[in-house]
Amino acid sequence: MGKLLGLYVDHRMTSPATMAQHSAKIKPIAHDLAKSGVLLVATCLRVEVYGEEPAIRNLSPAIFCELPCNRIEGSGPIAQRLAEIASGAHSQILGEAYISDQLAKAIELLDPNLPIFHIARRAVDTGRGSRERQQFIASFNYDQIVRDIIASRFRDGATPNHLYMIGAGMLGRELIRSGVGERFRSTVVVTRNPKNLRKRLRAWTDIEVLLKRPVEVGTVREPYSIVVIATADVNDEYQGILQQALLRLEPRAVVDMSSIPVLTDAAVEKLDYVTMYDEEFLQFIAQNNKQLASKLPRLCSDIEQRLLMAQLP
1 MGKLLGLYVD HRMTSPATMA QHSAKIKPIA HDLAKSGVLL VATCLRVEVY
51 GEEPAIRNLS PAIFCELPCN RIEGSGPIAQ RLAEIASGAH SQILGEAYIS
101 DQLAKAIELL DPNLPIFHIA RRAVDTGRGS RERQQFIASF NYDQIVRDII
151 ASRFRDGATP NHLYMIGAGM LGRELIRSGV GERFRSTVVV TRNPKNLRKR
201 LRAWTDIEVL LKRPVEVGTV REPYSIVVIA TADVNDEYQG ILQQALLRLE
251 PRAVVDMSSI PVLTDAAVEK LDYVTMYDEE FLQFIAQNNK QLASKLPRLC
301 SDIEQRLLMA QLP
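Start counting the sequence shown at 1; every next residue gets the next number (the working numbering).
Among the clues, some could well be false.
As the list claims (entries may be wrong) - Okay, the calculated beta carbon distance ranges per label pair:
hint, residue 1, residue 2, range
1, Ser178, Ile260, 30 to 38 Å
2, Ile207, Asn58, 45 to 53 Å
3, Arg185, Glu108, 32 to 40 Å
4, Thr18, Arg185, 36 to 44 Å
5, Lys199, Gly76, 13 to 21 Å
6, Asp272, Ile241, 15 to 23 Å
7, Arg198, Val220, 51 to 59 Å
8, Pro223, Gly74, 52 to 60 Å
9, Ser301, Gly157, 17 to 25 Å
10, Glu208, Arg248, 19 to 27 Å
11, Gln239, Ala310, 41 to 49 Å
12, Lys199, Asn70, 39 to 47 Å
13, Asn58, Pro223, 54 to 62 Å
14, Leu109, Ser60, 14 to 22 Å
Said to hold, decoys possible - 25 Å max Cα-Cα, derived DMTMM-like pairs, lysine to aspartate or glutamate:
hint, residue 1, residue 2
15, Lys27, Glu108
16, Lys199, Glu222
17, Lys295, Asp101
18, Lys25, Asp236
Keep in mind that the hints were calculated from the coordinates and are not lab data.
Being a predicted model, the structure only gives us computed values, none of them experimental.
Beta carbons: idealized from backbone N, C-alpha and C, even for Gly.
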């Protein structure tokens with residue numbers, strides 16, 4: 001096995017908004033990089049590449065452009081870094097659970113015969129195990145934050161109407177399965193392709209959702225409904241369609257979980273609009289991170305010990 005090398009930049013090395021925009025540009029080349037033996041970890045808060053040195057050596061200008069990046073060498077340090085990511089130790093919301101699934105999906109693109117594939121898979125399993133053992137679990141995960149924001153909008157005792165979930169990717173599905181729509185008359189998933197989504201939701205025998213196309217939203221005002229945007233797949237055309245639908249709907253609030261906010265400034269002025277970069281959202285993150293900060297050293301130590309026991313090459 002050749003020398004393994006990693007390069008990375010994350011939200012702590014630049015602003016979260018800058019990181020999200022850069023990650024969105026890099027994600028489309030994940031398959032091409034995987035074919036050349038490179039693991040790309042591109043989430044809304046990080047862009048990282050790992051593989052054998054010849055494959056990584058010349059990637060820096062193309063992947064990172066003008067952003068600063070750190071370098072990490074050897075299977076042990078790389079496994080430690082990836083395991084810590086999987087545990088939520090490097091997330092904006094410490095201890096959040098979604099990152100390990102994102103990392104696992106990124107690994108699936110690789111040839112399973114590659115050394116970086118085995119090291120990364122071991123790292124994910126180790127990070128998940130250490131997270132559970134050390135109880136490094138976010139008290140304010142994304143679903144809890146959404147619940148609390150929704151609750152704050154109904155302190156007047158009004159009865160919630162519909163919960164509109166725009167997007168049915170991993171985050172949208174997990175939010176629905178967590179029960180964020182329990183208070184509402186129904187949960188409506190807004191999708192451009194109801195037929196394909198209906199097939200994907202067949203396994204949801206315990207959860208009932210309605211499906212609507214974006215153009216079907218907003219036929220009447222719904223001041224007692226809430227909209228959650230949980231999709232990153234928004235081009236200019238779709239953004240315009242969604243924006244007009246929400247302006248017609250006039251919901252009580254729109255909670256945008258997209259790494260790049262969907263609505264324009266003009267629309268925001270007319271709606272109660274909360275993004276992940278607003279103070280209301282950031283206060284929940286700060287509260288969560290304050291609770292978990294003291295557990296970080298024990299978590300990282302546990303990961304290190306488990307990886308040593310695994311005797312990685």
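Evaluation of the provided hints:
no., hint, in the structure
1, Ser178 <-> Ile260: 30 to 38 Å, "violated, 23 Å"
2, Ile207 <-> Asn58: 45 to 53 Å, "holds, 47 Å"
3, Arg185 <-> Glu108: 32 to 40 Å, "holds, 38 Å"
4, Thr18 <-> Arg185: 36 to 44 Å, "holds, 40 Å"
5, Lys199 <-> Gly76: 13 to 21 Å, "violated, 43 Å"
6, Asp272 <-> Ile241: 15 to 23 Å, "holds, 21 Å"
7, Arg198 <-> Val220: 51 to 59 Å, "violated, 24 Å"
8, Pro223 <-> Gly74: 52 to 60 Å, "holds, 58 Å"
9, Ser301 <-> Gly157: 17 to 25 Å, "violated, 48 Å"
10, Glu208 <-> Arg248: 19 to 27 Å, "holds, 25 Å"
11, Gln239 <-> Ala310: 41 to 49 Å, "holds, 45 Å"
12, Lys199 <-> Asn70: 39 to 47 Å, "holds, 42 Å"
13, Asn58 <-> Pro223: 54 to 62 Å, "holds, 55 Å"
14, Leu109 <-> Ser60: 14 to 22 Å, "holds, 21 Å"
15, Lys27 <-> Glu108, "holds, 15 Å"
16, Lys199 <-> Glu222, "violated, 29 Å"
17, Lys295 <-> Asp101, "holds, 22 Å"
18, Lys25 <-> Asp236, "holds, 15 Å"
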